[in-house]
Amino acid sequence: MASVPRYWRNIPSYYRLVGSKCRGCGRTWFPPRRCCPICYSRDLELIELPTEGVLEEFTIIRTPPSGFDYYTPYVVGIVKLRDGTRVLTQVVDCDVTELKPGTEVVATFRRVREDGDFGIVMYALKFRPKR
Amino acid sequence: MRKVAIVGIGLTKVGRHFDKGLRELFYEAAVRAIEDAGCPEIEAIIVGNMCSSSLCDQDSLGALLADYCGLCGRAAFKVEAACGSGGVALLTGYMAVASGLYDYVLVGGVEKLTEATTREVTYALAKAADADYELFYGTSFTALNALIMRYYMRKYNVTREDMALWPVKMHENAMKCPHAQFHKRITVDDVLKSPLIADPIRVLDCAPISDGAAAVVLCPLEEARRVSDAVVEVAGIACSTDYMYLAQRPDIASFTATVKAAERAYRMAKVEPRDVDVAEVHDAFSVLGFIDIEDLGFSRRGEAVKLLKEGVFDPGGKPSVNPSGGLKARGHPVGATGVYQVAEVALQLMEKAGSMQVPSPEIGLVQSIGGVGTTVTVAILRRVK
Ligand SMILES: [Zn+2]
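Taken in order, these protein sequences are the chains called A and B.
Numbers 1 to 131, taken from this note's numbering, label the letters of the first sequence in order.
Numbers 1001 to 1385, taken from this note's numbering, label the letters of the second sequence in order.
Extracted from the complex, chain A is given alone in its bound form (with noise of 0.2 Å):
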């Protein structure tokens, strides 16, 4: 169930990809987290991650969740981000039959779907093709 508070404090990461970096070992993650599951510090800082990186996986959703008919057929991948995060993003403004692991993206600010007729509008980063 939408709601507003469960948007609002996730904003920092829809809209700025703010992710963790553990302070112990560096690595870094997204969605955030507390602990690190790597050398079990609870030391991590919020970054805001890259915006750019490389396509390493995709899929072409054709049948989507309630909710998410009007942008059928979209595009769903695995990003991995200049400095070695991956994020599950949609792929948008792109040629389908064009994509393919190693495509160069970058992140762009974009509607992600209506909490029906009264409810909230949800927005995040999504990615499209560098150009």
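Quick caveat, the hints were computed from the structure, so don't treat them as lab data.
Note that the Cβ used here is the ideal one computed from N, Cα and C, for glycine as well.
Nothing false has been slipped in among the hints.
In silico negatives: residues of chain A with every beta carbon more than 12 Å from chain B:
1) C39
2) Y40
3) R42
4) D43
5) D95
6) E104
7) D117
To spell it out: a stretch of chain B is covered by chain A in this simulated footprint if at least three of its residues, at any positions, have a beta carbon under 8 Å from a beta carbon of chain A; those stretches are:
8) 1122-1132
9) 1135-1148
Given the coordinates of chain A, assemble chain B with the ligand onto it according to the supplied hints.
Showing chain B with the ligand alone in chain A's frame:
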């Protein structure tokens, strides 16, 4: 810890049950299992279920089912680990009996999916993923598995046609499974021509949307020996979890949680992968069948396709994998699936599997996956003479 045995089994046909709700469906499986066990005094009921709340408006599932089965007053509750709920139900029941807290425990699973629209079911099942950071972006559960399938095919140079062999074999196996959802052979061509859901996953790569209920009765092994001559011991059981967010995993051609749970379960049962005679593995999508076989140690990495082609995992093979037809063709009533698998492997070990019986198995394995390898339970069952 006490040793634990399975002494009663009850199954319903997997498929569409428009005439039965959660309670009626569960009742059918529960009563069969209890009668099969010789009507012992059941002290606790553990129910594996995923979607009762989101699709049937029903919480307090344990109490509802206990009441309807004439077991009001007993300890009863639902356990949930998405599509792996059945596996963790078995683990919970095992803990209850092994610890000495209860002697007779009914472990069941029930799911009603077929009355919701495909969009609603897709949304409900996608809750197995990270709601805030995966589902939020419109990622369906099938889409996450599509990413895995592409990655696996590229990493091991496997063709789309090869992947289609899995559902073809599963539909063949299910021809002999009386409670299977499908009794219909399919061809590689059928798979490749079925509609795309999330590229490269097509309809016939996916386990179907199903209703179903299954139940088993657990009790201490010593007690089981007194009442029955066909006794199956839960010789090893373990559960492991993985990173929730798929993109954080370094290699998505394997489920670390399966590897860890299997290692622990094998060690507990003092057996090795080559000792397993029959296995029911969690093949919600074609690619998972191959990954499961490799993660469980039945094949080297990247070679499951080759071995499958050679017929190594056919009924009577070593091990026989999914003689029931698996999730693909027996069907996948998500929270009940793990309990179906336990029941099927136990029936094999008791040599009561009828037309799908494989020749005299002694060691069986069950793998139950929740989410995209996020929660995995592996159990080793052993025939006790
Ligand atoms: Zn660290």
